[in-house]
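Visitor: Chain A is fixed; fit chain B onto it per the hints.
Protein chains in written order, with the numbering used here: chain A, 1 to 475; chain B, 476 to 950.
Please keep in mind that the hints were generated in silico from the structure rather than gathered at the bench.
Note that CB positions come from ideal geometry on N, CA and C, so glycine has one too.
There may be inaccurate statements among the hints.
Lysine to aspartate or glutamate pairs mimicking EDC-like chemistry, simulated, CA-CA at most 16 Å apart [unchecked claim]:
hint: 1; chain 1: A; residue 1: 403; chain 2: A; residue 2: 460
hint: 2; chain 1: A; residue 1: 68; chain 2: B; residue 2: 940
hint: 3; chain 1: A; residue 1: 434; chain 2: A; residue 2: 389
hint: 4; chain 1: B; residue 1: 923; chain 2: B; residue 2: 891
hint: 5; chain 1: B; residue 1: 930; chain 2: B; residue 2: 940
hint: 6; chain 1: B; residue 1: 543; chain 2: A; residue 2: 334
Derived DEER-like restraints, expressed as beta-carbon distance ranges [claimed, not checked]:
hint: 7; chain 1: A; residue 1: 382; chain 2: B; residue 2: 591; range: 28 to 36 Å
hint: 8; chain 1: A; residue 1: 474; chain 2: B; residue 2: 887; range: 50 to 58 Å
hint: 9; chain 1: B; residue 1: 706; chain 2: A; residue 2: 230; range: 42 to 50 Å
hint: 10; chain 1: A; residue 1: 422; chain 2: B; residue 2: 753; range: 41 to 49 Å
hint: 11; chain 1: A; residue 1: 405; chain 2: B; residue 2: 903; range: 35 to 43 Å
hint: 12; chain 1: B; residue 1: 753; chain 2: A; residue 2: 405; range: 52 to 60 Å
hint: 13; chain 1: B; residue 1: 570; chain 2: A; residue 2: 383; range: 35 to 43 Å
Protein chains: 2
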Amino acid sequence: MLCLVAGLQRPKVAGKYSRCTLEGRGEQSIAERGAEGQDVGLKIMREIGIGLAGFGTVGAGVFLNLEKNRALLRERTGCDLVVRKVAVREVGKKRAAALPSGLVTGQWRDLLEDPRIEVVVELMGGIEQPLALILLAIERGKIVVTGNKALLAEHGAEIFQRAAEQKVPVFYEAAVAGGIPIIKAVREAFVANHFQRIRGIINGTSNYILTRMSESGLDFAAALAEAQEAGYAEADPALDVNGWDAGHKAVILASLAYGFWVPSQDVLVEGIERIAPEDIRFAAQLGYTLKLLAFIDAGADGAVEVSVQPALVPNANILASVRGVFNAIAVRGDVVGDALFYGRGAGQDPTASSVLGDLADAALALQSPRASYGFIPHTLYGKLRPASEVVSPFYLRLGVDDKPGVLARIAGLLGEAGIGISSVIQPETEAGAKAALVLMIHDAPRGKMLAALQKIRALDCVHDEPALYRVEAES
Amino acid sequence: MLCLVAGLQRPKVAGKYSRCTLEGRGEQSIAERGAEGQDVGLKIMREIGIGLAGFGTVGAGVFLNLEKNRALLRERTGCDLVVRKVAVREVGKKRAAALPSGLVTGQWRDLLEDPRIEVVVELMGGIEQPLALILLAIERGKIVVTGNKALLAEHGAEIFQRAAEQKVPVFYEAAVAGGIPIIKAVREAFVANHFQRIRGIINGTSNYILTRMSESGLDFAAALAEAQEAGYAEADPALDVNGWDAGHKAVILASLAYGFWVPSQDVLVEGIERIAPEDIRFAAQLGYTLKLLAFIDAGADGAVEVSVQPALVPNANILASVRGVFNAIAVRGDVVGDALFYGRGAGQDPTASSVLGDLADAALALQSPRASYGFIPHTLYGKLRPASEVVSPFYLRLGVDDKPGVLARIAGLLGEAGIGISSVIQPETEAGAKAALVLMIHDAPRGKMLAALQKIRALDCVHDEPALYRVEAES
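One chain only, chain A, in its complex shape (with noise of 0.2 Å):
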């Protein structure tokens, strides 16, 4: 096929950011041309500029695979999108992937001098030089596309107020777990709904090193370590561990469902790092998986609860049966009900499909302005419940005495909190020894839980660190 590529001008629009100057070879839209283009077989080609901030693993994966792919996405976009600049920390280091050295610069400031990129990739991690980098391209009115979910998370109310102000685009699916098109999903395919709960197995390493310890018995810090060595986990996985790279994403989740941003500060996350391959197979006994889960429910009262804790699964739930890195994310919609998603939620090449994604429709926003710039407010919703306040089922395993009246004090302080016990099971010790005793627990507000449990804990009959899970209800 004949293939005349042209950087064309763009049709006159309201929008901000469709003012950035380009090369204009031609007086017509792309709509305007199209038909007539492909009747004297050549094919007119609008050329996307774009501007790369980053190239560790997702920048070279988005590099190369839009070098790849490059026709198809010309053909299924009508752009050829073109990187111009390639912005990186360390402008002589070696890398994996070959990058032309007439693209390298060391300063990210000059993708946003560039006039002839229209559209900036933020892919460098990090908070505060990334949010320079995006707020300053929003007020030269270049498109954004990131996969920052730390800063998404901490800044997002400020980075879309702008956004909306200018009237800029700012897209972020891979923000939140890698090649799942979760994003596109809750913004655009459910629009309709009202997000009744969300569950999501979103970080891929916990997921691994979970899996590893339910398989094969590992401790923590052995599952830890096989999850470095394949590559799964990072020399430092503190943020993969601790929940809150799973609490960033949440966070992002949440707020687009609801229309908000949910304060991080108020988010209960916690993390895999001290969980006893004891309370994996006391779950496993008792049927259920133990996952790092990420809650989202919207209640009655239009109240909202986004919690990351690790939390014992139901083997029936289709999420406990997520293995390795794979990531999951089940939404329930009040009008399309149950609804799953399951992919990879990290790596170079899942997530530069996303980020690929994103850039396909910023190509499209740039040939016609978008009436909405990736996030959109509203008061229907518009607050946090306080985690205290949550209700769910609880695991709670004891070290206690193994002698004749200790359950019955424990049930009685539980009982006094008005807090209903479903099961129990009391591991087989030798007589003497100190035993451990599990106790499935009702419906409980987490507050009241925590209360009975430190009171409990004061109990000379009970020992060492008690284990303490939400359990997921539905399976």
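Guide: Chain B in isolation, oriented as in the chain A frame:
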């Protein structure tokens, strides 16, 4: 919140569909007025006039859920989606859902004549009238939303050519897998991917019947009767159980994935009507579950396979776990890797959710014209692989004499055809009686397999109708 609902003049754009007139009360576009409106506490709302053709299960679901979640849709889309007319077959008919009589017409042509209708939602069923309605709507610049899978599978090429010529978008999320947003995922989120394979359970009725046959040992007729009683199968279940409902969906999905309209008549479609309980049992003994599966594959040669067949799915494959009326679609893209979408594939509310998502996209498209109109043809693929050339493993059950030498003769014929046997099971029977012989066959081209089977059937030691099923290789 004070809410000023006013029809606004649309911004001037190139596409024909933008020219239909609205009672304009303002001079500025939403984008221009939005911020201003918010500043003074006003919400300036663009009305989108909808004409609904068909008020059956899904049509009523769209109407009811639009009423129910009107406030939410207003917030999220910035538009007020207003049904202006509903075309029904029988005007006087009593309906479960109340329909204001002022909206009803017995003539679908009335939707075309009404200048206040900008979007036509086609949920009539059938082929001829919907096709006429859709082509005329496109002609008049009205955006189309349809859930009509048979129509698109048969006339997609024509419809989308007209849509592109007239620059009028046609949305069809509801046509494939009900509430699962697989069209949007394939078209937008995974735009950067070559699709290597797609596997789908995309007919809930069949899956319900097979689940009941598998879990309760029912035969086909009993399971179908149960499905009809539960409301999961229609009085005339032909299209569901003969595979063509899934076939239409597979054609649409493959066409979208590969950029050319797959000719329905060349697609291999088999149903579940002749599945015997014993094959479900034998499959289970071998570690497989029998599912009605859509197979969509692109080979290295660019040829595409599309088929719908009952197939043995390894139990470790997540599709084997999809029970009851649920649908699931597993997609493998060359960038994103494996992803899976799961949810309700039919029913009033899930399908309405998809129609309403399309209506929100239509509302956006009315405010900013699209560069694409729902389907983008290209020439990177374009050939359908004949079913006879598709290579896969097979499951073969034969009724044979329970005598020495039988297996040798059958194996001999397969060997002559170059077809390998990977395992044999022969369930125990009384001496001298006819026996079932089950062969698991290595990868073989379907054509060769059928030719060999014809020779095998001619053997005097082989009786009864054989059962031949494809085996899904990946677990």
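Visitor: Which constraints among the numbered hints does this structure fail? Numbers only, ascending.
Guide: The structure breaks hints 2, 3, 11; every other hint is satisfied.
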